[in-house]
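Spelled out from the first residue to the last, the chains are:
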Amino acid sequence: MLSLRVAILATVLNALIGVPLAWALARRRFPGRALLDLLVTMPLILPPTVTGYYLIVLFGRRGWLGGPLYQMTGWSIAFTWYAAVVAATIMALPLLVRTAKAAFESVDRDLERAAFTLGRSELRTAVEVTLPLARNGILAGLVLAFARALGEFGATLMLAGNIPGKTATVPLAIYTAVQTGEDAAALLLVVVLSALSCVVIVAANRLGARAT
Amino acid sequence: MRALAALALLTAVLSMDPRPAHAQEVTLSVAISMKEVVEELGRRFMAARPGVTLRYNLGSSGELQKQIEAGAPIDLFISAAPRQMDELEKKGLVLAATRRVFARNVLTVVKPADSRIDLTKPSDLLDPRVTKIVIGSPKTVPVGQYAEESLRALGLWERLQAKLVFAENVRQALDYVARGEVDAGFVYTTDAATRAKQVKEAFRPAEDTYRPILYPVAVVAGAKHPAVAQAYVDLLLSRDGQAVLARFGFLPPPAGVR
Amino acid sequence: MSDRLEVALSLQVPGFDLDVSWSAGGGVAVLFGPSGAGKTLTLQCLAGLIPPNAGRIVVDGRVLFDSASGVNVPAQARRVGYVFQGYALFPHLTVTENVGFGLRDLPRAPRGERPAGVIAACGLPHPEHGYPRQLS
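Residue numbers (the numbering used here), protein chains in the order written: chain D, 176 to 387; chain U, 2 to 259; chain X, 40 to 175.
Please keep in mind that the hints were generated in silico from the structure rather than gathered at the bench.
Every value quoted in this text rests on a predicted model; they were computed, and no experiment measured them.
The reader is advised that the hints may include incorrect statements.
[As the list claims (entries may be wrong)] Facing chain U, according to a computed beta carbon distance under 7 Å, are these residues of chain D, among others:
1. Y228
2. G235
3. A253
4. R310
5. G336
6. N337
7. I338
[What the hints assert, rightly or not] With a straight-line cut-off of 27 Å between C-alpha atoms, the simulated DSSO-like cross-links for lysine-lysine are:
8. K92(U) - K140(U)
9. K225(U) - K91(U)
10. K225(U) - K67(U)
11. K122(U) - K133(U)
12. K198(U) - K122(U)
13. K341(D) - K133(U)
14. K164(U) - K341(D)
15. K140(U) - K341(D)
16. K225(U) - K92(U)
17. K140(U) - K164(U)
18. K91(U) - K67(U)
19. K67(U) - K341(D)
C-beta: ideal position from N, C-alpha, C; glycine also.
All chains should be built: construct the whole structure from the sequences, respecting the hints.
Rendered as structure tokens:
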């Protein structure tokens, strides 16, 4: 199912980008840190259509990133399922980063300092000490990000369009089904998505409770 | 405690309706291709009727139809195709006696103004340089329905499937073309005019490949202000109304059609 | 008795200025003072966890820090052992892994055996694969 593929891929991308980002925001000082924090949080606060607009500006055929790509390869990400992945990734990223950041911050710094005195470099300490201890919080964040990616609608609609069979994720399909009066189909999709979301939230709560 | 009281007061104040009690707010659900016409006529209408405020609910006809079916408090419905109005009439959701066709439109294919692909006839859409074509979502958007009809009649529908991108309404389709996100798009001639700098008409599919694009209007059953709504219908059909429509590129309704 | 430890440093943190200068010979040296005097800060400077603003730290003839010449040996390389107030045991590692955490330079085999010897020497009753939270 397209939605699952999109949501899983988006969550994987978020893990690869978001966990190191969260660590850097939690543990290191660098110029532009506050700005980075703000940028990462924005998709959470901005209306999805605004984020969708920015995504088009970036990735569209005439976009800052998409433009050169189109010039060189004649290919654009818009209206492909990759666009759905990009939209889902960006909309879910803040959830992961904020949760992971809190998890990292809750790790006792003395443990990291002890590792330093015992000879571990900063990077190895992050991997061998900080990361395992923040694991439950990070997993909870990933679960939340997955749920968010699964339910992503607004920005996806703008960048990927709503093309049945190609980019119509479950939320978009629900929208179309309601619009065309296919109430039975809409209800089925809604029930499936709700059930999946419930499972996800319960899992996140369980993991979060074990995070201490 | 004081903070709580302040919050309650703020909520109460914000919830108050600022409109004077005697004002009439009339809501029109309008197919988005009629946006500029309806706004212009609306200005004249409101100027002649102090105390009446018109609110425009714009979208694709299919979307607007669904809202009315769901009980939205609408006074007047303007559709870009008879089908949506027929469905509402069948369900008794519009006052059949008030239904009239007041305008006609023509389908056209546009391309981005700086496009270097030569598109002069429908079969040119098969050119490999044309990778994406936008049409309205055929299930719910009239311009998409007309586009599908035309492409099927031309024998191109199956072969162009892979290139098709669907938009939620005709203006979104237009926007995709204007931005260069797609290589061509099916819109109405009147829409192309609104973005004359960014899109260029490539060609118009023969009019016998699709059903006539007729705009019916009707007062919605259960409207709060049926008399005002009817007055607006009359304006659309009047000489002044028809003149404004012509100025924006719409064609007069065919004679003898309801 | 020669001085094994020479410390002279100053450090400004928000709300507190630390300025110390002392030396110690072999045996046990004790830093004492009321809470808030800067004892932990001084020790953290010694261990290389916080760089002083200025000063010089020499241990057994090794210059670990010297602001005048720009020397600042990272904590990882100072070979200074530090016992934290809260013990700082790694809760996610077994007792054996905890004890063996600093043995990064040894090849695989001794890394497994050395901790076992230490654990036995300390008389810890629990099996080596237990976790710190299981110890009393």
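Here's how the hints hold up against the structure:
The closest approach between the C-beta of Y228(D) and any C-beta of chain U is roughly 11 Å, which is over the 7 Å cut-off, so the hint fails. Taking 7 Å as the C-beta cut-off, the interface hint given for G235(D) holds, the closest approach to chain U being about 5 Å. Restraint check, A253(D) versus chain U: the minimum CB separation of about 5 Å is within 7 Å; hint holds. Because the closest C-beta pair between R310(D) and chain U is about 40 Å apart, greater than 7 Å, the hint is violated.
The beta carbon of G336(D) is positioned within 7 Å of a beta carbon in chain U (closest approach about 5 Å), and the interface hint is therefore held. Because the closest C-beta pair between N337(D) and chain U is about 6 Å apart, less than 7 Å, the hint holds. The criterion of a C-beta within 7 Å of any C-beta in chain U is met by I338(D), whose closest approach is roughly 6 Å, and the hint holds. A C-alpha spacing of about 19 Å is found between K92(U) and K140(U), which places the hinted pair at or below 27 Å, so the restraint holds.
At roughly 21 Å between alpha-carbon atoms, K225(U) and K91(U) fall within 27 Å of each other, so this suggested pair holds. Taking the CA atoms of K225(U) and K67(U), the gap is about 19 Å. The hint holds against a cut of 27 Å. For a cut-off of 27 Å, the pair hint linking K122(U) to K133(U) stands: about 16 Å separates their Cα positions. Distance check on the hinted pair: K198(U) and K122(U) sit about 22 Å apart at the alpha-carbon level, within 27 Å; holds.
Distance check on the hinted pair: K341(D) and K133(U) sit about 13 Å apart at the alpha-carbon level, within 27 Å; holds. A threshold of 27 Å between alpha carbons decides the hint, and for K164(U) with K341(D) the separation of about 11 Å falls inside it, so the pair holds. For the hint linking K140(U) to K341(D), the alpha-carbon distance of about 16 Å falls within 27 Å, and the restraint holds. With a CA separation close to 19 Å, the supplied pair K225(U) and K92(U) stays within the 27 Å bound.
Restraint check: the Cα-Cα separation between K140(U) and K164(U) comes to about 17 Å, which is no more than 27 Å; the hinted pair holds. For the hint pairing K91(U) with K67(U), the CA-to-CA distance comes to about 14 Å; that is within 27 Å, so the pair holds. In summary, the hint linking K67(U) to K341(D) is supported, as the alpha carbons are separated by about 25 Å, within the 27 Å threshold.
Checked against the numbered hints given earlier, the structure breaks hints 1, 4 and satisfies all the rest.
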